[in-house]
Amino acid sequence: MKHHCAAIFGYNEYSKQILKQLKGSYRNIGVFVISDAEFLEAQEDGYSVEKFDLSDNWEEIEVRFDVDSLIVFCALTDDAENVFLTISLRATFEKLFIIALAQDNESMMKMKSAGADKVMPILQIAANVIADILGKPIMTQVLHDVLYEDSDLTIMEMEIGANSPINGQYLHDIHFKRDFDLILLAIVDQEQGTTFSFASKGQNHHIDEGDILVLMGYKDKLQRLKKWNAGVDACK
Amino acid sequence: MFGRWIVDTAFFLHTYHPYQRSKIFFYNLLENQHYRYKKYFDFFMIGLIFLSVYILVSSVKHELPQGWLVFNNYVISLFFVIEYTLRFWVYSSNSKTIIEQYERDLFLHRPFSFFEAMKSIFKQKMEYVLSPTAIIDLLAIMPFFHEFRLLRIFILFRVLKLFRYAKSLRRLISILASKKFEIFTLIVFTMIMIMVSSVLIYMMEANNPDSRINTLFDAVYWAVVTIFTVGYGDFVPVTHGGRIVAMMIIVSGIAVISFATSIVVSAFTEKLDEIKEEKLIDSVNALKRMYLVCGFSPLAHEVIRKLHKRHLPILILEKDPQKVALARREGLLALAYDSASLHTYNLLKINFEHQVEAVILLHESDVANIYAGLTIRELTKIIPLYSVLHYLGNRKKFSLAGIDHIVNTHELVGSMSRIIAHQPVAFEVIHALRSEQTSTIIDEIILDSTVGDRFYKLLNDPLFYQRFSVLGIFSTSTQLFHFNPNPERGIQPGDVAIVIANRNLIDEFRAKLHRRGKV
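Going down the list, the sequences are from chains G and F. Numbering follows my numbering, in which position 179 of the first sequence is assigned residue number 179; successive positions increment by one, without gaps. Numbering follows my numbering, in which position 189 of the second sequence is assigned residue number 189; successive positions increment by one, without gaps.
Simulated from the structure, these hints should not be mistaken for laboratory data. Among the hints, erroneous ones may be present.
[Stated by the list, open to error] Using 25 Å as the maximum straight-line C-alpha spacing, the simulated BS3-like pairs for lysine-lysine come out as follows:
#1 Lys512(F) - Lys16(G)
#2 Lys397(F) - Lys20(G)
#3 Lys136(G) - Lys512(F)
#4 Lys96(F) - Lys136(G)
#5 Lys96(F) - Lys119(F)
[Unchecked claim] Which chain F residues stay away from chain G? Per the calculated CB distances, all over 10 Å, these:
#6 Glu411
#7 Arg418
#8 His431
#9 Arg434
[Claimed, not checked] To list a few chain G residues with every Cβ distance to chain F over 12 Å, as calculated:
#10 Gln17
#11 Val67
#12 Glu81
#13 Ala126
The beta-carbon is built from N, C-alpha and C at its ideal position, and this holds for glycine as well.
Turn these sequences into a full structure, and let the hints guide you.
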C-alpha cells in the first residue's frame, strides 16, 4: 500500500528530523502534539499542527486523512506514553501503518505488542552505527551511501505479482546476479508470515505471489526488474 | 676557576643526550614499575637471590665445589654492587643540582657556591644511602667480604631484597606502614609486659631449687614464649607467686595477639578499595590494545555490548562511582576517574599511541564529551576520536575539538524514518544484518593481490556458491565501490570486499582464502 499522508506525534528533535526527511514525499503531513510549547514551536516552524490527548478520540485523524493511505510516526519522548499512544491508535484503526520510536530493546518489544508495525530502537540503532564505524568502517560508509545518500546504487523491495515471470519459480532458478546485475538480500514469504529470511539461507524457496524480495543494485536495473516483474516485456 | 669548570661540566652532562638517555634507561629499569623490561630485570634479581640462599643453605652441611662459592661470593655480589651503584647514581641528578645552585646564585648576583652545591648533592645521596631499602641492599653485598665468615649470615639480607622486586610484598609493607602508630603502641605495650613479667617471674622462681628458671635470660625467654601463647613447657613456674604471674601474662598475651590481629585486619580493610583500584590500574597497563570509552551512559552500555564481539578489551572511564559500580557488576573494566582530566591519564599511565585503538566519547552531555575530547587531543593527535552528539547545533564545536567521527541519534532516526516509511522490509533486513542478531551478518574482508584468483574461484566452490553474497569491492585507493564485481577486474591492493553470509561461512571463507593449496 502506497502511503500519501503522514501524521507525526510529538514535536521534539526526533520528530523534527523525521519531518525533514518526509517533507517532499507526502502530500499531507500533520503534526500532533500534547503540550502548548510543542504546539507553538511546530506552528512557528510552519507545520500544520493539532493538539491531542491520550484519550480514544481520533476524529481529527479520520476527518483530516484517508486512514488507508496514512502512515503514523509515534515519536513521543516518553516510552510509556508512546506505547499508550500506539495501543490507542491500533485499537481504533486496525489497518493503520504505525512506526514507533523506542528508547531500547525492552521498549521495542512493548511497542510491538502494542501493535506497532515497525519499531525503531534508538539506542540499538545508534550503538550499531557506532560499533560499525569502529569495526567495519568501509561497510558502514557503503551502506550509508546506499541507504541515505542520493546514489545510483540503492536498495528496493519488490512484491511478486500474479503475472510476474518469477511467480512459481524456485529461488535457485533465478540468477539475479548474472542476469540482472542485482543482488538478492532477503525474501519475505507471505505463507510463512511477515518475517524475512536471508537469500543466502533459502535457495530452495518457492516464490509465490505476494512474496517480497529485497534487492540491491543500480536504479535503472532495479526499474527494469520491476517492470519485468509487473509483466512488462522489458528486459533480460 | 674550578667552580666554573664544575658548572660547565654540569651543563655538558645535562645536555649530553647519550648520558641522559642511559640514565633514563637505568632509572626505568630499576625504578619505573611501568617500564616493560623492568619485570625481566626483577625476575633476574629474584633468581639470583634464591640461588644465593640455596648455595648458603647447601654449604651448611655439604662441601660445595669452589666454583659455586666463588659464584656466590663474587659474581652474585658483583651484580648487587653494580645495582647498588646504579641506584645511587639515578637517585638524584648531580648536574641538575649544580645548575640549580648556579642559576640561583646568578639570579642573586653572587659567586657560584661550590660548597652549597656539594652539600645539596651529599644530602640527596645520603637520603638514598640511609633509606631502609638501600641499607638492606648494602648489607646484602656484605658476603662479598667472605673472609669474615660471620658476614656470610648477611646473605639472608638478600632475601629481604625480595621486597624490592615483589610488588605484593611492597604492598604489604605499605599497608602495615599506614598503622605505624598502632604497631608502635603494641610493641611498647608488649615490651613493658615482657619486662615486668620476666622480672617478676625471676624474683619468684630464681631462688627455688625446683624451678628451672634460674637466670634473667630464662625468665625473659619464658615470658616471650608465654605472652605469644606458644608455651613450649620446657620452663614452668613452680611457686604460687610464679603461677599467679603466669596467669596474668597468659591473659595479657591474648590481648596482645588480639590487638596485633585487629591492627593487621583493619589496615587491610581500610586499604582494600585502594588495593583493588591498584590492581585494576595494573590490568589496564597490561593491556596491549583497547577501546577507551569515556562515560557510562545507556548508549555506552549498548555500544560496549556490541564491541565485545570484537574481542578487544574495553576500558571505561566514568566519574560517577555508582555508574562505575554498575559497570563492574556487568563484569566490565571500569575506573572511577574523570575522563576530562589530564591527571587521570598521567595517573593511569595510558600510552595512547601504543595501547588505544580508538576513544569513544559517550557522556550524556555534549559539554562533557567536548571537554574529554579536548583533553585527549592534548595527549594525542593520532588516535581516532568518536563521539555521540546530543544537540545538532554543537556539531561545529565537536569538529573544532578534533573529534573525527560524530554520531547524532536524531539525524540517524530521521534518515532511517525515510527508509522505514518507504521500504519497511528493507529496513528490517539492514537492521538485522547490522545488529548481528541472526547468524547471517554483513562483514568486510580485506583482500590483497595475492588472493585475487583464489577469491573468485572460492565463490564458485560448492560450499560458498549461492550461500555467500559479495555485495561489492571497495577500493581504498580510488574510494570507489564496485558493486557485484566482475572477476575480470581482479583484485587490486587496498581492496575490501563487503559480504553477506553466515558468520561461520565467512570465517571459513577467510581461512580458505589465505590457505595454500588448490581450491
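Hint check results:
1. For the given pair, lysine 512(F) sits about 49 Å from lysine 16(G) by alpha-carbon distance, which is inconsistent with the 25 Å threshold.
2. Restraint check for lysine 397(F) and lysine 20(G): satisfied, since their Cα atoms lie roughly 23 Å apart, inside the 25 Å limit.
3. For the hint linking lysine 136(G) to lysine 512(F), the alpha-carbon distance of about 21 Å falls within 25 Å, and the restraint holds.
4. Distance restraint check for lysine 96(F) and lysine 136(G): the Cα-Cα separation of roughly 51 Å exceeds the 25 Å cut-off, and the hinted pair is therefore not satisfied.
5. Our distance criterion of 25 Å between C-alpha atoms is met by lysine 96(F) and lysine 119(F), whose separation comes to about 14 Å.
6. The Cβ of glutamate 411(F) sits about 6 Å from the closest Cβ of chain G, inside the 10 Å cut-off, so the non-interface label is violated.
7. Some Cβ of chain G comes within 10 Å of the Cβ of arginine 418(F); the nearest lies about 4 Å off, and the non-interface call is violated.
8. Its closest Cβ contact with chain G, about 7 Å, brings histidine 431(F) to no more than 10 Å, contrary to its assignment away from the interface.
9. Listed as a non-interface residue, arginine 434(F) fails to keep its Cβ farther than 10 Å from every Cβ of chain G; the least gap is roughly 5 Å.
10. The Cβ of glutamine 17(G) does not lie farther than 12 Å from every Cβ of chain F; its closest approach is about 3 Å, which violates its non-interface assignment.
11. Interface exclusion of valine 67(G) from chain F stands, the closest Cβ pair being 16 Å apart, more than 12 Å.
12. The non-interface label for glutamate 81(G) is consistent with chain F: the shortest C-beta to C-beta separation is roughly 17 Å, beyond 12 Å.
13. A Cβ of chain F approaches the Cβ of alanine 126(G) within 12 Å, the least distance being about 5 Å, so the stated non-interface status is violated.
This entry does not satisfy hints 1, 4, 6, 7, 8, 9, 10, 13, going by the numbered hints stated previously.
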